[in-house]
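One-letter residues, chain by chain:
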Amino acid sequence: MTEASTTAHTVQDVITALKDKPGALLPILHGIQDALGYIPSDSVPVIAKALNLSRAEVHGVISFYHYFRDTPPGKHTIHVCRAESCQAMGSSELEIHVKNKLGIDYHETTTDGQFSLEPVYCLGNCACSPAIQIDKDFYGRVSNTCFDEIISELETSV
Amino acid sequence: MSITIYVPCDSSAVSLGADRVAKAIAQQAEQRGLAINLVRNGSRGMYWLETMVEVATDAGRIAYGPVQTSDVGSLFDADFINGGNHPLALGLTEELPYLKKQQRLTFARVGITNPICLDDYLAHDGYRGLTNALNMSQADIVKAVTDSGLRGRGGAAFPTGIKWNTVMNTHSEQKYIVCNADEGDSGTFSDRMVMESDPFVLIEGMTIAGIAVGATQGYIYLRVEYPHAHKALNAAIEKVNAAGYLGDNIQGSGKAFHLEVRLGAGAYVCGEETSLMESLEGKRGLVRFKPPLPAIKGLFGQPTVVNNVISLASVPIILDKGGDFYRDFGMGRSRGTLPLQLAGNLKHTGLVELAFGLTLRELLYDFGGGSATGKPIKAVQVGGPLGAYLPESQFDTPLDYEAFAAIWAVLGHGGVVAFDETVDMAVMAKYSMEFCAIESCGKCTPCRIGSTRGYELMDDIMQGRELDKNIPLLRSLCDTLLNGSLCALGGMTPYPVLSALNHFPEDFGIGQTNSTETNAA
Chain A
0 MTEASTTAHT VQDVITALKD KPGALLPILH GIQDALGYIP SDSVPVIAKA
50 LNLSRAEVHG VISFYHYFRD TPPGKHTIHV CRAESCQAMG SSELEIHVKN
100 KLGIDYHETT TDGQFSLEPV YCLGNCACSP AIQIDKDFYG RVSNTCFDEI
150 ISELETSV
Chain B
0 MSITIYVPCD SSAVSLGADR VAKAIAQQAE QRGLAINLVR NGSRGMYWLE
50 TMVEVATDAG RIAYGPVQTS DVGSLFDADF INGGNHPLAL GLTEELPYLK
100 KQQRLTFARV GITNPICLDD YLAHDGYRGL TNALNMSQAD IVKAVTDSGL
150 RGRGGAAFPT GIKWNTVMNT HSEQKYIVCN ADEGDSGTFS DRMVMESDPF
200 VLIEGMTIAG IAVGATQGYI YLRVEYPHAH KALNAAIEKV NAAGYLGDNI
250 QGSGKAFHLE VRLGAGAYVC GEETSLMESL EGKRGLVRFK PPLPAIKGLF
300 GQPTVVNNVI SLASVPIILD KGGDFYRDFG MGRSRGTLPL QLAGNLKHTG
350 LVELAFGLTL RELLYDFGGG SATGKPIKAV QVGGPLGAYL PESQFDTPLD
400 YEAFAAIWAV LGHGGVVAFD ETVDMAVMAK YSMEFCAIES CGKCTPCRIG
450 STRGYELMDD IMQGRELDKN IPLLRSLCDT LLNGSLCALG GMTPYPVLSA
500 LNHFPEDFGI GQTNSTETNA A
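These protein sequences, in sequence, are chains A and B.
For the first sequence, numbering that gives the first Met the number 0 begins at 0 and goes up steadily by one.
For the second sequence, numbering that gives the first Met the number 0 begins at 0 and goes up steadily by one.
Only chain A is shown next, with the shape it has when bound in the complex (with noise of 0.2 Å):
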């Protein structure tokens, strides 16, 4: 099978598991993430034709939320946390310090493709300011130092 029908497959599936829930329209839009890691732009029609919605408006909620994307992501997705609680402990010079160890901006991602950077407003890990989240992982009281040898782990991980 091609990596495209497989895809195709593992968003009908998911529609089929869950369309007919009320509201189904977020639960299948995380399942499509879960499985694939972002909502394929050609996954919108057929997501709109299920639902009996407009593409605009499937189009519309995708784009409406922060957290679902349309384009893969790296390998490890890092969120940093921007909040008050956060800057309060020195979050503005890890972010710096972040941007520039993955030499990429917010919602970008490296070109060897291992890691993706986004904003995240509070993690609810306030009480271990700074945090950081990566992948499903949570960090807590994360120094420059701390940050580096995390990456190199991930780095040095298969």
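Please note that the accuracy of each hint is not assured.
[Claimed, not checked] Listed next, the stretches of chain A that the computed footprint assigns to chain B, with coverage defined by at least 3 CB atoms under 8 Å from CB atoms of chain B:
hint, stretch
1, 11-25
2, 65-71
3, 114-124
4, 144-153
Hint data in this document are derived by calculation from the structure and do not stem from the laboratory.
Just so you know, even glycine gets a beta-carbon here, dropped at the ideal spot from N, CA and C.
Keeping the supplied structure of chain A fixed, place chain B upon it in accordance with the hints.
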């Protein structure tokens, strides 16, 4: 007899290495041939001590912390499993002053039990509230909640009993209970702690709400940034479904209540109740006009109770011990307890549940221990990103909804973020405008456009451009946002901006302003 050791599974503890500590303890125990029962409890909420490991002894649980993986070997050498002495030993957990001085009602079990063990929940007074509720009339349940004086803990402080009463008296085939678990306010994490550390109490509270108002379906709208809470809630729901505490016939009462967790997708505005319901319906999270009130026409057009996690999690103890018991805590019209969250630049960050009435200063210094950096605390933002910044001169304000309103501040969801003297308040004011611009749903003009104009204006002000013109313009813009926005996002962004300007004018490049005159924008 095997020894019970507790290592928290709370996501903040995990962010400091709790999983690695738990693994190291299990390995060491195995190597030394010791039989231990390793329990992953919730966090006690003393985050400067995390990872805090506890050991059950005859005298009570003894704490050690903060434990790193490198400490584990020496802990075993010191016979910590029998309460042995060690440099990290903290003594009996319950005797730690930070914990002992608290009044934990909503958080009674948090950090004590295994979050997803139903037997543990039942052994610690769980489901006593529901058992009582099942033997009461709907009106009596609502009355108990009204009598307790409980007000919405999400931040708006609307009396919970009045909301329930409206939904109870609105006739409909289908009604809903929606839990607002979109805890987007920076500096707050009490919802997260309840959901990760005691998910059953939220489920019980929602079930009681459903029975009280005649709703058979509940949704927990959870922010996607809380994957640990998602896992814990789903695991807990599965357990209570199997045990008959949810479903079509709750404990043989013939009453039905079903519960599902739905994930948000990173939009702060979805913490606003009408935007949240739009999102649950699968739409963009645009704020709705009110009226109609959600209690009359809410989710899918049906009568809906929308309550915050802490409000709903406070219901079981009210139904267990009575409205009067809860009401006896607190001051003035702020009854019961508020779980406060100490965050930012404080030595002892964490969760402090107390009756209303303590002063902010006592909270910051007696509990928080002053700033983490050791420098003087310059400003404190209370109540999330839309809350006012308080200067030192206001630290003696009691923690009470009305006392905060009187100084043009909000208690909100109980988040307290401290900043030391290095903070530039103009930067914080600019950030507030930026945040509003990023998170605005775009429905109303003051918020959609005003936030961007405000961000640009702050840029000019910080460059020192035409201050005599731009400062009044900023005030005028804030006045428009304050009075012309559809919801609290645009309507309250002026709180942090103007409080920063009024209390710290020097950071904006101007002299003292008369803050009493300018408070009202």
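**Asked** Which of the listed hints are not met by the structure?
**Response** Going through the list in order, the structure violates hint 4 alone and respects the others.
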